[in-house]
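A.B. asks: Each chain is listed here by its residues.
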Amino acid sequence: MSFKKYIYGFALAGTLLGAGCKKDLAVSNPNNPTPDALNSESGIVTFATGGVYITGFRSLKYSDGVYGPFFSGAMGFHELMADVIGADAANAFLNQMGCPNSVTFDNGTTVLNPNSPNTQYALVRSSNQNANAGSNFLYYEWSFMYNLIGAANLMLDKVETVSFSGDAASKKAAIKAWAYWWKGYAYSRIGSIYYAGLINNSAFATNANYVTKEKIIEEAGANLDKAVTAAKSATSAGVFAETLGKIIPSYFQTGKGAPVTAAMLERNVNSLKARNILVNKTTATMTATDWNAVLTLANNGINSSDNIFTARTDARGDLYTSGQLVMGRTYSSLAGGSTYKISERWAQEFKAGDKRKEQNLKQTTPYLGQADRGNAHFTRWALVDGGTGLSGVAVYAKSTPGAYELHVAVDYEENELMKAEALINTGKIDEGLAIIDAIRTLQGAGLAAVSGTGLSLAQAKEELRSERRIVCAFRGISFYDARRWGVIDPATSRTGAVALTNTGVVSTNATIKYGYLDYWDVPDNELTYNPPAAGSAPVKNPK
Amino acid sequence: MLWYDHYKMFFKKANSFNNSININGAKEKMDFAFILSDSRQQTVFKNNGDFSRTNLTANIGVELAKGLKFRSITQIVRTNDTQLDPTGRNMFYAINNARPFANFEQRDAKGMYSPYFGDAVGVNHYNFNFITENAKVKDLTIDVLQSFNLNYRVNRFVELDAKYGINRSSYNSRYEIVDQTANEGAEFWQYWAEFYSPRTSFGSPTTGSESGEINERNFVNTFQNFTANATIKLDFEKDLKLKIPLKSATLVGWDYRKRETTDFWSYGVNSPDFTPYRAVNMAEYKIATDATTQFATYGVLVNQHFDWGELAGASAGFRSDYSSAFGQGSKPFTFPRGDLYIRPSSLGIWQNAKFSNVLNEWKIRAAYGEAGIQPGAYDRFPILGTATVGSQTALSTPTSNANPDLQVEVAKELEIGTDFGLTIGKNKWFSNASIAFTYWARTSENVIDRVDVAPSIGIGRQLTNSMTLKSNGVQASLNLNVFRSKDWNWDFTANFSKQKSWVDKVLNDAQLIKLSSAGSTSYIIKAGDKIGQIYGYIFPTAVNQLDPNGVPYIDPAAQKDYTVASNGYVVNKTTRQPFASAKQYALGDPNPKFNMAFINSVSYKGIVTFGMQWDWVSGSKLYNQTKEWMYRDGIHADYAIPVNIDGQTEAWSSFYRGAYAVRQANGTKSYFMEDASFWRLRNISVGVDFTKIFTLKGFTKLQLVLSGRNLITKTKYTGMDPEVSSGTSNSAWDRAVDNNTIPNIKSYQVGLNIGF
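Those protein sequence lines, which keep their order, are chains U and E.
Counting from 11, one number per residue, gives the positions in the first sequence under this note's numbering.
Counting from -16, one number per residue, gives the positions in the second sequence under this note's numbering.
Between beta-carbon pairs, the in silico distance windows are:
| no. | chain 1 | residue 1 | chain 2 | residue 2 | range |
| --- | --- | --- | --- | --- | --- |
| 1 | U | 550 | E | 540 | 16 to 26 Å |
| 2 | U | 506 | E | 534 | 38 to 48 Å |
| 3 | E | 273 | U | 36 | 17 to 27 Å |
| 4 | U | 74 | E | 86 | 25 to 35 Å |
| 5 | E | 632 | U | 74 | 37 to 47 Å |
Hints are computed from structural coordinates only; laboratory data are not their basis.
Every residue gets a Cβ at the ideal spot worked out from N, C-alpha and C, and that includes glycine.
Produce the complete structure using the sequences and hints provided.
C.D. replies: Structural data, given as structure tokens:
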């Protein structure tokens, strides 16, 4: 055929083109490194930063700017349920998760939870459906903490194969200590709020063997111990500190945020272990053995000069902005002017003359909000950004980039108050009160000492309670206290509460019945894609 | 108290101008056409910016030698857009959620607008005047499209064709927010333009960027396509002198495509105290994105076509492509196709039959094809996230992982159809008609989606070949010449289409979540459900109503507390709130049962032309999220509608507030899922060509056209427009939500077409 040559020509052209184009197929993603980047010293160090501060605390598939990531969202949910703050926005049921079953005002009228469902127990179940996606508030803490565990597992996987220059043992020790510390932290958070959890030692994989919260707390302890062991295995304290110094963002390394030494890490671990015991039992069921265990750990816990694990903002918002911290979602010019509204019950914790109140709270035109969104979030108080200018008095909200030091895990004040609580509850009332006085002095409260004034056990407990409420606020741990003190139990109530009606009438002896679930069910997003294997612990709180 | 009409305050009538000059000609072995067109559009929002596009096209063809033709088409398009809110949704949301006593035009003592007027105006309102005053945007897009085509008809058997095209689109966006620290309203409410402006800014207001911000984005997309085809035609009767009416056409082709993009975003925050200033004067700056992608695919296609006279034809072929998404060394993906047709009306027996006077054409056709849909350029390459942290860098695990095992998505489509040609009337009326009918069925296997994984894995989602989707439908059309005479011509067309699309299989039979870009409504993907199925809480209409599993929505013991209100919903007798189911259920298929269009066109002597099109969409559903938001603070007019509950008639705000709040504030509820069927006068136009009336020297055409779009709509939908979708554009999943989307506008056009 006469056109055969064209076909041959065409086939030849095609072959040439094919050969020429083959190189176009050889692409890889030119924008980001692959997981192989973790096989180098600098890679694993860089991942130790992002795996914790981004994967662990900032980025999830579901998000909502109204409550934000872990330090404002997940931590904020605890503060809402602890009545440190209130909310009327309904994103992820913010207004409902901390809405009491009833508030009885001084005139005898009772305002029930106006929402539907009208109890927090029912709300938790109604919220916890996979179909609710990011509106399910139970999803966040679980997912952030398993992100953190997954990132830590990846570090632990890689650390054994990476070849480090110089003092490899000390560098490895630092990375392992860092990874085990955050795993321990994550399991502490999981076991202190979820009814069951998973023990996961692999990166990018999971298992379906759910265990009880008690087992999760045990696992937290085991990882925290490994962190200490790893830290102590460092042959050079200098290299250990230098490695952590490369992991922790430089702008965090001010105040108490500089790298911990092995000894400081051990004290941080002891404080966290003390907290894990303290917050996972109700005070009523604490035995002398429990109190002594808390006291022993706290006595070996964080010192006033110890470095701890902190987070800060910067001007560019590289990791977090002030709005992504609970205090940054709370401060406002006008009462109720922010997403989170300072609770009347938090404002009432300050004793008369406490300079910290003068420094941090301002009474303005009351925020009265909508009566159909809640019964307790109305308030006269605004948290002041930067304080009112009293020198030497603690400031609880600072929006200026870098000014606010968020204590991510445990801190000196919390550790001291754990000591104080254990002492008071084991008959050493005055020793405990002396610690409270010291903390007040440290914060510039300007209050008269309570130790040596002959306070009764009940009075001492009240001093401790109100001081802890103030000092431990905005860090995602206040709900633990509300739970263990029995405040949230549906059968009990808080009396003597200051409360505002929707019309602005102030009650000073109101009774609030909270009725909040003590431990959450496992989030349905997990259960849908990872149903419990046979022999798993119950994933739903029977309450 | 003064009441303000916020629509009047923020909306205006907008004008658009379209002009075009067309010069073309041909001379011996060359032809050319030059077109210059210009379009200027204002938006219906005051101070929201405007839009203009200028387009220059040059099309030149040259015959280089006998049978060898060369053509070059060049197009340059410049698009200038200063709209702060191109969709208008943010602005619409801001004003729909404001009570009418707020005067958004009020300025403070310093002459500034306040961004917010307090919760009493409605917590979701904000003053868009504040936004337009503090934020400015300029988007400039330059598109250059060039194609060359060389066509060589070697002889009557062989034709060679080579085509190369390159499209380069460069987009530059500069978005500036001015210093708002001096604005007392902004400072007091801590409301910054960055929060509420519809554009993406990178600096966060809480980090000091309320004192000014400049964002700049440069995006360049280059697409190259080279195709080379050889067509070999053979007529067995003519060329081979065989006594069979067989014709053959063979196509062998080569197709190469390459796409490259670069994307660069930078921003500076915290402006200096002096003016004017540029980004370089900002106290903090950062590169937010620097990304590039390359994707190439190439392969061969072969198609063999046979025709047997006019009676039948069939073709079969395949295409086989390599893709860079699978890397070097991967195998090509090969997909077949084929079609065939039979025209019984071409048989002598038909043509001799009596009925052929009326039914003069009948064709049956069928086609089948498979195609591969490639994953995205880097969907198979797992990566780590990167970030700058102060002076350090950070790597992190991404929230959504790539998947090295990802396979090509395969689409299979079968189409069967038939066409009829009819001669009905012998006279001027109904002289001829054609009817076409098509049935189609499509299957998509290995559909790639970012699907949820268990959070304990430490990531959020993973790209997965996760489902099989199916759809089928029918399309029918009727073209009828209603009347034809020397002066008059009237044509009528009716189109009908119906389709259903559903999820056939889901990996591990899981329930997948699909978020809507239209707000809080989310879709659920479950085997057996329709595509685009919205889930939500059911409002029962009978106290003892059962759910799809036969369980009563309301616990029988509690049913005594409920009654049916006069508007048909079950309400609590005490709280007067409607009852919402505890769980979420499918809220009915949002897709229309069918779509129809009726088109008439009439002309008289070529002087007057008249056209009219009515569209009918039946059985569609739309989730009225706009209304639900307006229920939040009692802003919607429904609050004034009385309802009889348990013997008492009143405009119970507890009912309406409850509709928004029960079970989940702003949760998705059957109450807001509405019938969105409609009839719409899509288009009506009248044209008069004056050159056909008078002799106008030098003009070949002088036509004045008056037309209107969307002038009449009949619907039961209570929102502004039953035809809107606020979801992801072109998404099959995300299209049944109306969340403050600007309705299709009624428009009137005046056009003048001049020909020389």
